[in-house]
Structure formats: structure tokens, C-alpha cells
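Student: Letter by letter, the chains look like this.
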Amino acid sequence: MIATNTNERLLQIAVLAFGLIAPFLFPAYIQQIALLWIMILFALTWDTMGGQMGYNSLGNIFFFGAGMYICAVVQIIVGGYDVGEYTAAFGAIKVDITDTQYFTGLFIGLAAAAVGCVFLSIILGFFFFGLRGPYFAIGTLGIALAAGELIGAWRWVGGGSGISLPLYPGSDIFPGSADEEGLFFYFLCMASAVATFLFFRWLYKTRFGLALNAIRDDEEKAEGMGIHTMRYKTVAWACSSFFLGISGGLHGNIVHFIEPLEVAFPTITFGIFMVAMSLLGGKGTLWGPILGAVLFHVIKEVTWTHLLGWQWVALGLIIIVNVVYFQQGIVGWLMERFPERFGIRVETDATAQGKGGAD
Amino acid sequence: MWGSIEVLLSLPAYNVGLILNGLCVGAVFALAAYGLALVWGVMNVKNLAQGEFVIMGGYLAWYIAKTTGMNPLLTLPIVAVLMFVFGWAIYVLMIRRVVDKDLFTSLLATFGLAIVMQQALNLAFGPEVQVAQFGRGSVSMMGGIVSILEIKFWAFGMCILLAGAVVAFMKFSRMGQAIRATSQDARAARVMGINTDRVYAFTYALNSAICGAAGVLVAMIMVIQPYYGVTHSVRSFVIVTAAGIGNLPGVIMSALGLGVIEQYSGFVLGAEFQVATVVVMLLLVLIWRQYQASRIRQVVR
Amino acid sequence: MGNVIEVRGVSKAYGGVIANKDIDLNVADGKITGLIGPNGSGKTTLFNSIVGFHPIDGGSIRFDDQEISTMRVQQIARLGLLRTFQQTRIYGKMNCVQNMLISIPHRKHRFLDMFGHSTAADREKADSLLEFVGLYGKRMLPAGDLSFGQQKLLEFAMALMNEPKVLLLDEPTAGINPTLINGLIDRLKRANTDFGITLLVIEHNMRVIMNMADTVYCLAHGEILASGAPEAVQNDQRVIDAYLGAH
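Residue numbers (my numbering), protein chains in the order written: chain F, 1 to 359; chain G, 1 to 301; chain S, 1 to 247.
Don't take every hint at face value.
As the list claims (entries may be wrong) - To give an idea of the interface, some chain S residues facing chain F are shown, with a C-beta separation under 8 Å as derived from the structure:
1) 17
2) 117
3) 118
To be verified - Derived lysine-lysine pairs resembling DSS-like cross-links, with alpha carbons at most 27 Å apart:
4) G/101 with S/93
5) S/125 with F/205
6) S/31 with F/233
7) F/205 with S/31
8) F/233 with G/101
Calculated from the structure, these hints are not laboratory results. Ideal Cβ positions, reconstructed from N, Cα and C, are used throughout, including at glycine.
Same shape as in the complex, but just chain F:
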């Protein structure tokens, strides 16, 4: 655990309080802060695979995009349209659905996105968990790239020209608010990120967390000790893709328009941000990815517009510097610096009791 229990509790309360107040304090930045919650979700779910289990996936963004498409298709179906006709008309259909249809569609869509991504992860796990180290990274990168290309050629879901999603109807959840839709999705994003955090926090405290770390440290040994490695790996990927699917569905509805290469499967933007954020904060820790996501996102949003076309160069440089010179990340660095704070210590009294050992 990163800090003593009281400190962590305070941190949680602070983050939660900020999350609840922020949209009202900075109404102009609702979308950016909502995106920050998605980034936190990204970093947490990537870290389950890359940080805790040592399976560095470069293609986790696949589940984001898959969730986005599944959610969209379900929303269209619940809205009473034929998906093929809807996408073929490319926005020419005047979407006319009731409020109830919209909200049921959205929530069934999000649930379907989550469950669908779990299924996809199980199938992909079956085919790709025989790959280790760099091969897994390249293979998952391939999955994300292939998904973008193949969806782009699939007419039924709109191909390369994408899908416009039904618009948010007026409702009275936040009476008197100027940006009702923004608030609605903001709180959904926040809720899913918080749920992700609480879920993984619980998960890492069970045997599951230990097994993931064992697989990371020495998978062959773990097999030799009889750990059901395939089972753990599959479930870990499934958990991670469950939340990624939801985030995809939400993001699709926030941007209203989805298409395969830039929005749904943005391998070299969101896909690599996940990795960069986890590494920046410190992979394999609970709070590291969150810290990394916040820092990364804030730096990015603040500096982006001032870089005039050089922002992507800057992004690449950040990744290089991060990976090459500062791999342990912020929390990892703190652990090296202050090991006692993290419970790494020799108990001298106890050594006396348990004497008669080696050296």
C-alpha cells in the first residue's frame, strides 16, 4: 500500500471532493475533466496488465473502441432503427427517439459494451496468452491496428465514415444547469473511474493480486508451483476490458461521432497514453497510475495549444525520456527513496527469535 491508512483515506476524500465540486467550479472545462476521469480509468486498467501482471499490452485501446461500437449499435437498435440503414444514411436520417429510448439505449449499451468486451478479451486471451514479453506487446498492438482497419471496411457499422450517435435529449436531472449533458456524462465518467479504482483496490488485496505479481516476477515458476496462470491472466484481462468497454461507450456519446481510426482505436494517442501515464506515475502500484494520469493530462491540456504543431513531437519525447531515464515512475522512485514507508524493513527483534537460519 502506498501510504498509511489515514493518509490514503484523506487522499481518497480529497479526490472525491474535487471530483464532485470541479464541474461546478470550472464549468468551461467539464469535458476536459471528464476526459481526465477516463484517463485515470485507462491508466488503472492498463496497469493491471502491464504493471501488476507484467503483460505489457500496447493494444488495450482495442477494448475502448470495441465498447464504443457495441454501445453505439445497441443504442441504435434500442432507438428502433435498423443498424445497416442507419449507418448507410450517414446522418441523413433525422434521429427521432424518445427520452426513455435514449436512456434505456444508453444504459443497455454500456452494459453490453462491458460484457461484450469481457467476451472479446476471453477469446483474445485464448489466442494470445501463449505470447510472452515483447511478442505480447506486438501482438496486442496488431489487434488494435487490425480492429481499426477491419471496422473501417465493415459497411454495416458505417465503415470508415463512422456513426453519428443519437443526441442527448433534454431532461431534468440537473435543473437549471447550462450544460446538462456535460454534467450527466461527467458524473458517469467519474463514477466509472471511481468504480474501477475501488474494484482494483479490492482485487489487489485478495489472492488475485498476489498471483498477478507472481506471474509478473516469474511466470515459469508460477506454473511450476501449480498456479492456474491462464485462469488468472484471462480474468485479469477480462476485468480490465470490462471497464475499458464502459469508458469507450461513454466517450463515444460524449463526442457524438465515432469512426474507427481516430476516435475508436487511436493506437498512437490514447493507446500509448495509457502506457505513458502508468509508467510516469509508477507501474505496479495502485496510486501511481492515477498520479501519472493526472500529471500527464494536466500537462497535456495546458501546454498542447501553445506548442503549435510540435505537441506530438513533445509527446514522443516525453515517452522516450520517461522510459529511458525514469522508468520506475514517481511512486517507484519514492519507494526506492523511502523504503521504510512502504513496509520494506528488517525486523531485528524478530530475527533474534527466529535464529538458526542462513547467514
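Using the hints, position chains G and S against chain F.
Tutor: What follows is chains G and S alone, placed relative to chain F:
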């Protein structure tokens, strides 16, 4: 799609055209793949910026040819030298620090490098698709049914020449021998007094030069665009994964095979499936390798 | 008492190099069996064949009257046949207690047990085993920070935590300070007597194996050279020749 297959079945000459085209293009893929196998085998660096090196070489050739009026094929030695220097600089700046780190580090660091290079190329040359004009027409064969750009044959010849030169270099020169020794056992090589840091630098620079040369040919027989590098990187990984590291004949065969497969998929499915074909090939090769490994109770690592 | 492991006619070649040729070997239930032989005689290859690390070229390996030569490593481990590694392998970034807690016997696990918390009994057992090997004071340190000898002891404790029926130990005393070897022999014997674990031990140190084993097999050039009681094998002229290189 079925129409295209019918054409292939009824007009066998079309197949000849596709295969010849595929072999010429595949030969160029083999160069970049060999470079990847080299850095992978010698210094255990998975260079995800491989495709960007190719595209950068292509842009250099295109730019030199455009500004000086040279034939792009003649710029090949200049580009190779420039890319050699570039590769050496990249090694000194970043690769040196990832060589002995864990495997994911090199992959991610070079992915970062790929992003930087894409964007830098985009800022320098703009996002338009470019072709370096070789300026000689096509060769007609089989009564005009098959017509192949003359440059493709030149490219094929250049590939054989370059590959032969590299193989001879590895075999007979002192540096080549040092590279091979280091790839077998870096520690032993160090103990024997080989400056492995220099060997690594040279290997990486050599890879960069090979990619640059491949890029010159790519600029003439295909098209270049700042973001097209990813596909070339994936191609290199497909080829090396299928062949295994340190298997030169395997690399050549897989590269030629990939070239032919791409031509067929382009003809049958359409040009928009070009990238998809390459990436799906990568997934298939990885699955196949796992199946092979699992039969001897192993995994692909 | 019966044999818990029966190896019959097992062969294994790496390319052209024959590492094991037609090996027959029995491990008696509840006993300590030793496996000796010069470097490169195929001892570790045989170990790897038994635990399913690689496929064998021919022959049969039975564990508890069950053919295991085509099973995978995890399945074999879950049957209760465990091995330690010559180059010690532990989970380096986890602390000793975590290393122990994840080494609980997984054969009893059903799907939902993945999400269970470690029980108080597990923790107690982990602590007592760590004390048994003398690592209690260092239990909160990352296992990777321990010395080689300590890691070896930790690996041994992890194996005991798993409650195997049979434990295959690959050179348990290699790299351990000679003054501590007696303590280690004592612990191995106690693992056998107190915990009832059958042991198959690869060992270079003759003194260790003569002290411990009930039966000894000697391997040379991939074949069984001699087998029987320790004294008999030790005095066998062929074994002496093999060790002195007269072969």
C-alpha cells in the same frame, strides 16, 4: 471480390503479374526485415521505429532528387550514409541506455521515437503522399496483359546487391565478425576485448542505413507519407517473427511471400485492405508460432 | 511401500545430443531418493522431463499410478509433484510473506477461490515455515534483495507451503555456505519425516547425499550407471571411474 477471383482463374497471366510485382516489393521488405533481425539478434532491441527509418530514407531520396534533379535511384548511397549517421546519433542519444534494460523498454522507447519521427517528417515535408519519380516507364509482357514498372526490376536487383554486400560484410570484415561474436555472447565478447558499445552503435547505424536504402526503393516503387511507417514496421515484425531471428534464408522467403500475399489481397479484396492484410498476417503468424511452440510445451518468448 | 514415481525407459535428445537414454528410476513413497552424477550427465534433463518442462522422446513416467509424461507443468504441479530450480527462482519483487502466501496448494482451488483473502491459517503457516528456514526476520523484505543462499531457503519454504507429495530438489546445497549445510540437511530430513514429503534430490556433494538418501541412483552420459543403497553406489567401481573421468 468474386469477380476478381474469376479474372485470376480465367487469365493466368494476371497471376504472373501479381507474383512478379509481389516478389519485387517483397525483396524491398526483406531489407528492412533483415535490419530488424540484426538489431534484435545482436543487441536485443525490438526497433518499432523500423518503418519510420524506411519512410525517412524515402523522404531524403525524394527531397534530394527534387532539389538537385538527380535520379532518385542514384541518391541511394547518399541516403544510406546520411541514415547511417542518423542511426548512430539515435544510438548515442537513447538506444545505448535501453540495450540492457528489459525487453519492453526498447519496444516502448522506439515506439516513442517512431511518434517523434512521424511528426517531424510531417512538419518537415507535409502530410501529402509523395512518389520519387524514376522516370522510366513500364515493361510489357505476355502480350500486354502484364505490365510492370521497370523500376521494380531495378529495385529487385538493388536488393540482391545490398543483401550480398551486407552478408559479405558480416562474414569477412573485422566489424562484421565482432558483430557476430557479440550477438552470440556479449559478455564473452567484452571479455575478449571487443568494444561492444561500438559494435552496438555500428549495428544500429547499419540497420538505419539498410532501412534508408530500402526507403529509397519504397519511395520509387510504392508511395511515402509520414504516417505510413507503421505498416512497414509491422511488415518487418511479421517477416522476422515468421522466419525466426538469425535465419537469413527464412527472412528472404517470408519477405517475398508477404509481398506476393499483399499483391493478391490488394487485387482480390481491394487496396483499402492493404494495411489490414499486413496486420492480420502478423496476428496469424503469432498464433501459428504459438501453436508450434505449444506442441513442444513451450511458449513464444 | 510402493513407488510414487516410476520412470520407465525415458529418453530425451536435444538435437543430436542424447541427454537421457532409456532411464528407469523409482522413487519410493515416503523415502529420500538421491540422484548423483558428473556434470552434464543428464540429471536436470531428467528432472525437467518428470515435471513436464519439455516433452520426452519415448518412455513413460507415472506418478501415483497416473501417466504424467504428456501433462503440462501446472497440471503436474497440482497433482502434488513439485520441483525447485538449480538457479533459484523466487518472485523477486514480492516480499517473503507474499512469496509464501501465493505458494499455497492450488490443487484445492476452485474458480472463486481466486478472489479469496489469505486466511489466518495461511499466514500462520507462512510465518512458521519462514521461521523453520530462518528467514522470519527478513519476511518483509523483497525476496530479490535476499542473498542467493537465503533465496534458496525461501524457495524451499515455498515448496513446503505447497504441501506437495513429492518434492524434486535440484542441488539444494549448491552455493550455500558450507557451515550451514548441516543445518540444511537437517531441515530436508525433517521435511521428509515431519511433513511426510517424499524427496528426490540431485546432489553433487557426496557427503550430503550419503547422509540423507535411502536409495541412490548414479547417472553418467545420460544412462543409469548404478543404483542401490548409498554405500553400495559409493563403492561401485563404475561410479568412481565416472567421477574421476576414467570413462
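Student: Could you run down the list of hints and mark each one as holding or not?
Tutor: Going through the hints against the structure:
no.	hint	verdict
1	17	violated, 23 Å
2	117	holds, 6 Å
3	118	holds, 6 Å
4	G/101 with S/93	holds, 16 Å
5	S/125 with F/205	holds, 19 Å
6	S/31 with F/233	violated, 37 Å
7	F/205 with S/31	violated, 39 Å
8	F/233 with G/101	holds, 24 Å
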